[in-house]
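> Numbering-wise, the sequence shown is residues 1 to 69 according to UniProt numbering.
No lab work stands behind these hints, which were simulated from the structure alone.
Quick reminder that beta carbons are idealized off the backbone N, C-alpha and C, glycines included.
Keep in mind that a hint or two might mislead.
Taking CB as the label site, the calculated pair distances span [claimed, not checked]:
1. Gly63 <-> Thr39: 24 to 34 Å
2. Cys13 <-> Ala49: 17 to 27 Å
3. Asp47 <-> Thr12: 26 to 36 Å
4. Ala53 <-> Glu22: 17 to 27 Å
5. Asp34 <-> Lys65: 11 to 21 Å
6. Thr12 <-> Ala49: 27 to 37 Å
7. Lys65 <-> Gly25: 28 to 38 Å
8. Ala53 <-> Arg21: 11 to 21 Å
9. Lys26 <-> Arg68: 14 to 24 Å
10. Gln7 <-> Thr46: 30 to 40 Å
11. Glu61 <-> Ile4: 14 to 24 Å
12. Glu5 <-> Pro29: 14 to 24 Å
BS3-like cross-link-like pairs, simulated, lysine-lysine; straight-line CA separation at most 30 Å [to be verified]:
13. Lys41 <-> Lys65
14. Lys26 <-> Lys65
15. Lys41 <-> Lys26
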Amino acid sequence: MSVIEYQVTGMTCGHCEMSVREEVGKIGPVGTIDVSAATGKLVLTTDAAVDDAAVIAAVDEAGYKAVRI
Numbered sequence: 001m002s003v004i005e006y007q008v009t010g011m012t013c014g015h016c017e018m019s020v021r022e023e024v025g026k027i028g029p030v031g032t033i034d035v036s037a038a039t040g041k042l043v044l045t046t047d048a049a050v051d052d053a054a055v056i057a058a059v060d061e062a063g064y065k066a067v068r069i
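Sequences and hints are given; from them, build the entire structure.
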């Protein structure tokens with residue numbers, strides 16, 4: 001099991017979290033997607049390989065910017 005963290009900028013509320021979670025969920029099998037507007041963190045817990053570019057593009061599609069930390 002891998003834990004992958006991203007810093008997301010621009011989120012301010014629960015709706016922001018939901019938008020990011022929904023878009024990241026479309027990229028493929030990701031075990032758990034935890035998003036926090038309070039900390040600006042996106043944490044993925046998965047058994048499968050995750051393409052950073054796909055995650056960052058999904059966050060961008062939701063209207064925010066992300067970088068892996």
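> Now, for every hint given, state plainly whether the structure supports it.
We went through each hint and held it up to the structure:
Here the CB-CB span from Gly63 to Thr39 is close to 18 Å, at odds with the stated 24 to 34 Å. Look at Cys13 against Ala49: about 31 Å separates their beta carbons, and that is not inside 17 to 27 Å. Distance hint for Asp47 and Thr12: a CB-CB separation of about 32 Å, consistent with the stated range 26 to 36 Å. The hinted window of 17 to 27 Å between Ala53 and Glu22 holds, with their beta carbons roughly 19 Å apart.
Taken as a hint, the range 11 to 21 Å holds for the pair Asp34 and Lys65, whose Cβ atoms sit roughly 18 Å apart. Separation of Thr12 from Ala49 is about 31 Å and conforms to the stated range, judged on CB atoms against 27 to 37 Å. Checking the proposed 28 to 38 Å range against Lys65 and Gly25 shows it is violated: the Cβ atoms sit about 19 Å from each other. For Ala53 paired with Arg21, a C-beta distance near 19 Å keeps the hint of 11 to 21 Å intact.
Taking 14 to 24 Å as the suggested C-beta distance range, the pair Lys26 and Arg68 conforms, at roughly 19 Å. Gln7 and Thr46 have their C-beta atoms about 18 Å apart, which leaves the hinted 30 to 40 Å range violated. Between Glu61 and Ile4 the C-beta distance comes to about 18 Å, which sits within the given range of 14 to 24 Å. Between Glu5 and Pro29 the beta carbon distance is about 18 Å. The supplied range of 14 to 24 Å therefore holds.
Annotation: proposed proximity of Lys41 to Lys65 holds, straight-line Cα distance about 11 Å (limit 30 Å). For a cut-off of 30 Å, the pair hint linking Lys26 to Lys65 stands: about 17 Å separates their Cα positions. For the proposed pair Lys41 and Lys26, the alpha carbon gap of about 18 Å is at most 30 Å, so the pair holds.
When held up to the earlier numbered hints, the structure conflicts with 1, 2, 7, 10 and fits the remainder.
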